[in-house]
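**Student:** Each chain, written out:
Number of protein chains: 2
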Amino acid sequence: MKNIESGRRSFIVKAALGSLATFSIPEIAFSAVAESSVKKVNFKESDIILFQGDSITDSGRNRTNNELNSQNGLGGGYAFLASADLLFNHPDKKLQIYNRGISGNKVYQLAESWENDVINIKPNILSILVGINDYWHTLSHGYKGTVETYKNDYRALLQRSKDKLPDVKLIIGEPFAIIGTAVNQSWFQVLKEYQETARQLAAEFDASFIPYQKVFDAALTKAPGAYWSGDGVHPTMAGSELMANAWLKTVKG
Amino acid sequence: MKNIESGRRSFIVKAALGSLATFSIPEIAFSAVAESSVKKVNFKESDIILFQGDSITDSGRNRTNNELNSQNGLGGGYAFLASADLLFNHPDKKLQIYNRGISGNKVYQLAESWENDVINIKPNILSILVGINDYWHTLSHGYKGTVETYKNDYRALLQRSKDKLPDVKLIIGEPFAIIGTAVNQSWFQVLKEYQETARQLAAEFDASFIPYQKVFDAALTKAPGAYWSGDGVHPTMAGSELMANAWLKTVKG
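Line by line, the protein sequences are chains X and B. First residue of the first sequence? That's 0 in numbering that gives the first Met the number 0, and the numbers climb one at a time after it. First residue of the second sequence? That's 0 in numbering that gives the first Met the number 0, and the numbers climb one at a time after it.
Just chain X, same shape as in the assembly (with noise of 0.2 Å):
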């Protein structure tokens, strides 16, 4: 039943994606995101962005390094080439960009720094990307959680926000995965409802939604998985240049 499942799913990605082998990665990637129901973030001046996550924001932050705008603060991925981007284009905007993501975090650990790590920090745009751990960690860490858990802890941490935070905008991305060293096709079946339920969410707290999943597919249209992440899971650099646009692309239309 999961193979015949995966080749379908497999099949369904190969055939949507077909007639995209024409067109440049960035065109694929932007017409990934345009089909999304995209919700525009209008920067104001002094607005706070916190970029929220796992080991795919953080990326190598320097954890010590509070400093807004700061290379070293944002590290190396996609939160700090997307803040690249935005603060050479916005310059009249006074932008005040953060990351706080943590390697390994599931939402249950987001959980329990968010009120020094957010809500201290009173972003106007919070961009949260969670749950590849939520599902990894219970296939090789032993983790208990299961997709109700995910659903769970997530509406409870986005609720805390809204609570605290009354006009944030929230940005939320899909968690993703690709075949690579750590990934297997056997992942897409269960991870697909991680993926539903962010959407969902995304839904429910009036969120930009960034399909992450459908970026990626379509990449592989253009190259092979090692390309664009090694593992499957964390982003070369052309994966994360990939997020970067995909991000801005959903946040600025």
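Check each hint, because a few of them may be wrong.
It does not matter which identical chain is meant; a pair holds if it fits inside one copy or across any two.
To be verified - Subject to a maximum C-alpha distance of 30 Å in a straight line, what follows is the list of computed DSS-like cross-link-like pairs (lysine-lysine):
#1 39 with 163
#2 92 with 251
#3 248 with 93
#4 248 with 43
#5 248 with 92
#6 92 with 161
#7 248 with 39
#8 248 with 161
Simulated from the structure, these hints should not be mistaken for laboratory data.
We have chain X already, so just place chain B on it with the hints.
**Tutor:** Positioned in the frame of chain X, the structure of chain B alone reads:
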């Protein structure tokens, strides 16, 4: 005399840039580059691209990381940002990108490690940004080199590169500064000679030339100097993205 010259230069720059105030920052950066004699680079499959220079290129890279296409190895500055864009936009090209910039280096110091850090890597495309320390260290480190030293050392280095790598495509960046905590108006009269030297050598060696001074001067119409560089030499994130955009616009057209 110096003050009159500085004032005149400042006036000319302001007058020339005044009309740019209504344009967006990418338009400004791109127009600055477009005015220069652009020699586009055609990327071929498996091209090896190497960034060389001083701290602006180094940008905190991990010097023990010799991997290609690695954020950690490319640092957190314009070299990384331009590389992420190239890798994202050219997934079919299998580009191999390295950074070997070293903080504090002047031309003669680059020359000392050129065999290991350039020739042995066999780049098809070699991007160099060097010169600000050749001037700055005459003020701050008692360095005795002159603009003639810079010209002779730089020309010898470029000739050596062409001799050892006959087909290498060269990209030369203009050394630049803006008023900042380390830079005052007195810099520009002499720095201009270093900039003119870099421009002449670019022409002599059929290199693409990136007019960073004009790009930063243009950016100053959109936000104060501290937004683009704190000390006037090292770019902020916004300044790094400005440089990356100018580099890409010059190189890709």
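**Student:** Which hint numbers does the structure go against, in order from smallest to largest?
**Tutor:** none
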